[in-house]
Amino acid sequence: MNIYRGRTQTEVYLASLLYDAIEDHDISSIRKLLVERKADPNIILPGKGISCLHLTIGNDSEKFAMEVTTLLIQNGGDPNVLSDEGLTPVHIAAAWGRVEILKLLLYCGGDPQLTDNCYKNALHYALKENWEQAVILINDFISCQRLSIYDSFSPKEKTCTVTLDKILLNNGLMVGEYTNEADEEGADEKKEETKSEISQLNLNTLPHTDTQEYVLNWCNNQELVSNQTEFVDDCSGELNYCNNSAIIITKKETKCSSTKSSYQSERLSNSSISSALSNSKTDKKFNKVTIRNKNKHHINYPPQKKCNYKESSRESGILTLPESSDEDGGYSDDSFIDEQCEFNYIETTNNLGNLNIKEHKDTSSDYCTCTESSEIANILDKTIYGFSNNKNLHPPNSSNSDDQDLSFVSISEVYRYTDLDEGIVFYEKRILVTPSCSIQNETASTGHSQSSLPKSLDYDTDTLRKELTAQGFDPGPITKTTKRVYLRKLYQLKQQLHSLKPQRNDEKVYSPELQRTLKDANWYQSLLQYQHLEELVKQQFINPDPSRKWRGGTAKSSFTYLLLDPRITQNLPHRCDQLKKSEVWKTFISAVFYVGKGKRSRPFQHLYEAVTNYNNAKFVTENTKINTILDIWKDNHGVICLHIFQNVIPAEAYTREAAMINALNLQNITNIKGGEFYGVSATWSQKQKNLLGMYLLYKAMKIFLNEGERQIFPNDLE
Amino acid sequence: MSSTSQKHRNFVAEPMGDKPVTDLAGVGEVLGKRLIAAGFDKAYVVLGQFLVLKKNQELFQEWMKDTCQANAKQSLDCYTCLSDWCEEFL
Chain H
1 MNIYRGRTQT EVYLASLLYD AIEDHDISSI RKLLVERKAD PNIILPGKGI
51 SCLHLTIGND SEKFAMEVTT LLIQNGGDPN VLSDEGLTPV HIAAAWGRVE
101 ILKLLLYCGG DPQLTDNCYK NALHYALKEN WEQAVILIND FISCQRLSIY
151 DSFSPKEKTC TVTLDKILLN NGLMVGEYTN EADEEGADEK KEETKSEISQ
201 LNLNTLPHTD TQEYVLNWCN NQELVSNQTE FVDDCSGELN YCNNSAIIIT
251 KKETKCSSTK SSYQSERLSN SSISSALSNS KTDKKFNKVT IRNKNKHHIN
301 YPPQKKCNYK ESSRESGILT LPESSDEDGG YSDDSFIDEQ CEFNYIETTN
351 NLGNLNIKEH KDTSSDYCTC TESSEIANIL DKTIYGFSNN KNLHPPNSSN
401 SDDQDLSFVS ISEVYRYTDL DEGIVFYEKR ILVTPSCSIQ NETASTGHSQ
451 SSLPKSLDYD TDTLRKELTA QGFDPGPITK TTKRVYLRKL YQLKQQLHSL
501 KPQRNDEKVY SPELQRTLKD ANWYQSLLQY QHLEELVKQQ FINPDPSRKW
551 RGGTAKSSFT YLLLDPRITQ NLPHRCDQLK KSEVWKTFIS AVFYVGKGKR
601 SRPFQHLYEA VTNYNNAKFV TENTKINTIL DIWKDNHGVI CLHIFQNVIP
651 AEAYTREAAM INALNLQNIT NIKGGEFYGV SATWSQKQKN LLGMYLLYKA
701 MKIFLNEGER QIFPNDLE
Chain D
1 MSSTSQKHRN FVAEPMGDKP VTDLAGVGEV LGKRLIAAGF DKAYVVLGQF
51 LVLKKNQELF QEWMKDTCQA NAKQSLDCYT CLSDWCEEFL
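Those protein sequence lines, which keep their order, are chains H and D.
Number 364 in the working numbering belongs to position 364 of the first sequence; there are no gaps in the numbering.
Number 2 in the working numbering belongs to position 2 of the second sequence; there are no gaps in the numbering.
If you are wondering where the hints come from, they were derived from the structure by calculation, not from laboratory data.
Any given hint could turn out to be false.
Calculated lysine to aspartate or glutamate pairs in the EDC-like style (CA-CA distance at most 16 Å, straight line) [unchecked claim]:
| hint | chain 1 | residue 1 | chain 2 | residue 2 |
| --- | --- | --- | --- | --- |
| 1 | H | K63 | H | E11 |
| 2 | H | K103 | H | E67 |
| 3 | H | K483 | D | E62 |
| 4 | H | K63 | H | E100 |
| 5 | H | K483 | D | D84 |
| 6 | H | K489 | H | D460 |
| 7 | H | K48 | H | E23 |
| 8 | D | K54 | H | D24 |
| 9 | D | K55 | D | E87 |
| 10 | H | K489 | D | D66 |
| 11 | H | K489 | D | D84 |
| 12 | H | K618 | H | D635 |
| 13 | H | K494 | H | D520 |
| 14 | H | K63 | H | E36 |
| 15 | H | K483 | D | E58 |
| 16 | H | K483 | H | D460 |
| 17 | D | K55 | D | D84 |
| 18 | D | K55 | H | D474 |
| 19 | H | K480 | D | E88 |
| 20 | H | K480 | D | D66 |
| 21 | H | K63 | H | E23 |
| 22 | H | K32 | H | E62 |
| 23 | H | K489 | D | E87 |
| 24 | H | K103 | H | E62 |
Among the chain H residues that face chain D by a calculated CB cut under 10 Å, a handful are [claimed, not checked]:
| hint | residue |
| --- | --- |
| 25 | I27 |
| 26 | R31 |
| 27 | Q471 |
| 28 | D474 |
| 29 | P475 |
| 30 | P477 |
| 31 | T482 |
| 32 | Y486 |
These numbers come from a predicted model, not from an experiment.
Virtual Cβ for every residue (Gly too), placed ideally from N, Cα, C.
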């Protein structure tokens with residue numbers, strides 16, 4: 001068998017057939033040779049001294065050249081293949097001034113700095129022939145590469161740290177808070193910690209525990225509390241806390257049997273959580289943890305029964321009790337959630353002093369934003385979504401109460417993110433998705449979400465009238481027979497108000513491919529067919545070919561991120577079970593307001609500018625992305641940062657970013673410019689790019705739903 | 001106004017006097033029974049409710065749905081019936 005430069009005769013034969021086909025402008029046979037017979041476009045043909053790729057680029061017809069180059073690159077064409085004279089396809093494209101092809105080659109890893117046998121690089125050729133655009137393009141690219149080379153030679157030390165600040169547990173009735181004492185000891189300790197690994201840091205500041213144990217711990221304590229309630233009949237109604245895990249809860253006497261039944265259900269839920277969690281942790285370990293743990297435990301335990309509630313409200317002398325309708329029943333205390341929260345908050349104010357109030361305000365919007373606002377309207381809004389799960393409260397004997405009760409324990413961790421170089425501190429609140437969410441009985445929850453009027457909605461006539469007038473509605477006489485109708489009207493108006501923002505977003509027109517998915521509810525069944533697109537993209541970046549030059553180098557330290565607006569998502573991972581799949585998808589897409597690419601060493605760099613503005617109280621900038629972030633922070637929410645597709649090389653991250661921007665359509669997000677596609681995807685049609693973006697977005701949503709919301713707050717404590 | 005029912009035309013044709021609630025368009029036997037159970041035994045009581053709600057169609061239909069589980073068609077019929085009657089006699 002004749003061997004030519006390491007190639008078999010068949011390979012060379014196929015390549016020369018391809019060469020001939022290109023000379024004949026015969027696209028169909030070119031395609032056939034490449035796709036079916038796997039001809040290699042990189043073979044330097046004997047006697048010609050160039051490869052098929054070289055030949056194509058120099059073709060007379062620019063249109064034909066572009067088309068065939070695309071084909072060749074899709075089938076393995078290497079933009080850096082050397083001809084006998086040391087010329088690469090990049091050289092030829094530069095010399096011929098084929099800007100589009102040049103761009104394609106560069107995005108696919110072509111190296112503009114390679115020199116031929118005469119020591120000339122692509123730029124020399126472009127300059128010699130006076131191709132202005134080509135010169136600009138190459139210069140842009142070279143400067144990009146220099147930057148990345150600089151980056152890779154001066155690896156920045158990790159200057160940012162992430163520490164666990166506190167853990168909040170909330171089941172609607174009770175809020176447990178674990179604060180880390182180490183955190184209060186100040187900056188000295190922080191400085192020492194800054195250079196160690198992030199993951200280790202978490203362990204250091206939280207000795208030998210993880211969230212699960214915290215939860216377990218908390219639940220057990222709760223269990224203890226509910227067991228003790230019958231013995232502790234003290235009527236102080238105050239919140240007590242003390243250090244070192246010893247918890248004293250004073251609890252109002254429980255008189256009604258229905259209250260006891262709700263305790264039972266609680267105990268049920270607690271014990272089932274414990275058992276679920278202790279599967280992974282042995283009890284021994286847990287006991288040790290409890291002893292070592294030096295964290296504070298704050299447990300607010302508001303009374304659950306109406307009569308109790310009345311008493312305590314009289315004691316505190318601040319709250320007024322709204323008229324209560326009888327149909328609420330003993331065990332579902334929905335209508336009191338908001339007041340309980342307020343009550344909760346007031347007690348905290350009274351007993352815990354300034355420090356804790358600050359913490360509450362800053363980080364636990366879950367239950368405190370509603371308590372901070374004195375307007376009933378806000379409380380109502382919050383209650384509707386924040387505590388929607390409380391509707392699932394069942395009498396303890398019903399068969400599915402376990403699952404149901406589990407679902408309304410929400411856990412959030414608050415992390416402190418510090419970057420000493422820039423002097424920036426963020427708080428990241430991770431609302432964890434409880435395992436029960438997936439177990440939750442779907443039919444049961446949809447039934448609840450359909451109930452037209454939340455029980456929490458109850459007003460006396462005067463308030464109702466005031467509220468309606470405030471909403472711009474002029475009500476007639478509110479009587480016994482009309483009250484319900486007006487309540488519903490008010491609810492409707494509130495809902496409309498609530499959905500005003502999303503409605504504006506509804507006008508967003510996405511790329512046609514994405515738009516179609518919004519109409520067709522079953523589109524994700526055909527999702528697998530898009531998977532190969534991602535595979536294709538991934539393939540070339542997993543083991544980057546060292547001969548190709550990728551923008552930003554080949555360090556696998558980049559990721560893509562999405563910024564989401566929490567005012568639109570409203571803790572989507574938590575309520576996704578109650579929504580239709582299509583609705584979840586729609587909400588997710590409309591919540592995305594920025595797509596970007598980040599680096600592992602500084603995961604929140606993209607928020608620095610915004611936080612600087614925020615701290616300087618400069619709330620309007622030219623940049624719409626920053627405006628949006630500031631807007632969210634002003635509303636007491638945290639920006640949701642969704643970091644996805646971690647540990648990829650920059651070119652891949654850019655490609656993924658670009659695909660998602662394409663699918664979402666640039667006008668719908670606050671990105672200033674669209675992204676760039678690298679590698680084989682640069683040769684794709686618009687449709688393929690959009691499909692890829694759509695698929696990536698879907699994956700991102702899946703990650704989002706599993707991971708839970710992570711809201712980033714600026715540090716406005718200082 | 002292409003098609004109003006005979007019942008509608010009958011009702012709108014004259015003052016309602018002491019007519020039972022079932023004489024209203026859109027209110028048949030079933031709805032009538034439910035309305036009576038809720039205390040609305042005469043057409044004029046429903047008229048009262050209609051007026052108290054300030055002739056607001058949305059609220060009235062909502063109310064019908066609430067008190068006697070009327071469907072959209074039934075409550076609309078009843079609404080048009082009362083509103084036409086009011087135009088004539090009020």
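For each hint, the structure was consulted:
Proposed proximity of K63(H) and E11(H) is contradicted: the alpha carbons are some 28 Å apart, above 16 Å. Restraint check: the Cα-Cα separation between K103(H) and E67(H) comes to about 14 Å, which is no more than 16 Å; the hinted pair holds. Between K483(H) and E62(D) the alpha-carbon distance is near 12 Å, which keeps this suggested pair within the 16 Å criterion. Between the alpha carbons of K63(H) and E100(H) the distance comes to roughly 10 Å, so the proposed pair stays at or under 16 Å and holds.
Between K483(H) and D84(D) the CA atoms are separated by roughly 25 Å; this puts the pair beyond 16 Å, and the hint is violated. Note on K489(H) and D460(H): the hinted pairing holds, with a Cα-Cα distance of about 15 Å set against a maximum of 16 Å. Among the hinted pairs, K48(H) with E23(H) is consistent with the structure: their alpha-carbon atoms are about 13 Å apart, no more than 16 Å. For the hint linking K54(D) to D24(H), the alpha-carbon distance of about 82 Å lies beyond 16 Å, and the restraint is violated.
Of the pairs offered as hints, the one joining K55(D) and E87(D) holds, with about 11 Å between alpha carbons and a cut-off of 16 Å not exceeded. Distance check on the hinted pair: K489(H) and D66(D) sit about 12 Å apart at the alpha-carbon level, within 16 Å; holds. Between the alpha carbons of K489(H) and D84(D) the distance comes to roughly 24 Å, so the proposed pair goes past 16 Å and is violated. At most 16 Å may separate the alpha-carbon atoms for a hinted pair to count; K618(H) and D635(H) meet this at roughly 15 Å.
Simply put, K494(H) and D520(H) have alpha-carbon atoms about 29 Å apart, too far for the 16 Å limit, and the pair is violated. With a CA separation close to 24 Å, the supplied pair K63(H) and E36(H) exceeds the 16 Å bound. Distance restraint check for K483(H) and E58(D): the Cα-Cα separation of roughly 14 Å lies within the 16 Å cut-off, and the hinted pair is therefore satisfied. Using a Cα cut-off of 16 Å, the hinted pair K483(H) and D460(H) holds, with the two alpha carbons roughly 9 Å apart.
For the hint linking K55(D) to D84(D), the alpha-carbon distance of about 11 Å falls within 16 Å, and the restraint holds. Distance check on the hinted pair: K55(D) and D474(H) sit about 12 Å apart at the alpha-carbon level, within 16 Å; holds. Proximity of K480(H) to E88(D) is assessed by CA-CA distance (about 29 Å); at most 16 Å being required, the pair is judged violated. For the given pair, K480(H) sits about 13 Å from D66(D) by alpha-carbon distance, which is consistent with the 16 Å threshold.
Annotation: proposed proximity of K63(H) to E23(H) holds, straight-line Cα distance about 14 Å (limit 16 Å). Restraint check for K32(H) and E62(H): the C-alpha separation of about 21 Å exceeds 16 Å, so the hint is violated. The straight-line distance between the Cα atoms of K489(H) and E87(D) is roughly 26 Å, outside the 16 Å bound, and the hint therefore fails. Restraint check: the Cα-Cα separation between K103(H) and E62(H) comes to about 14 Å, which is no more than 16 Å; the hinted pair holds.
A cut of 10 Å between beta carbons decides the hint on I27(H): the least distance to chain D is about 60 Å, and the hint is violated. Given hint, R31(H) at the interface with chain D, is violated; its Cβ is 59 Å from that chain's nearest Cβ, farther than 10 Å. With 10 Å as the threshold, the beta carbon of Q471(H) stays out of range of chain D, its nearest partner Cβ sitting at about 14 Å, so the hint is violated. Because the closest C-beta pair between D474(H) and chain D is about 8 Å apart, less than 10 Å, the hint holds.
At its closest, the beta carbon of P475(H) sits 8 Å from a beta carbon of chain D; the interface hint therefore holds under the 10 Å criterion. A least Cβ separation of about 5 Å between P477(H) and chain D falls short of the 10 Å threshold, and the interface hint therefore holds. Of the supplied interface hints, the one on T482(H) holds, with its beta-carbon coming within about 6 Å of a beta-carbon of chain D, less than 10 Å. Hint on Y486(H) holds. Least Cβ distance to chain D is approximately 8 Å, under the 10 Å limit.
The structure shown violates the earlier hints numbered 1, 5, 8, 11, 13, 14, 19, 22, 23, 25, 26 and 27.
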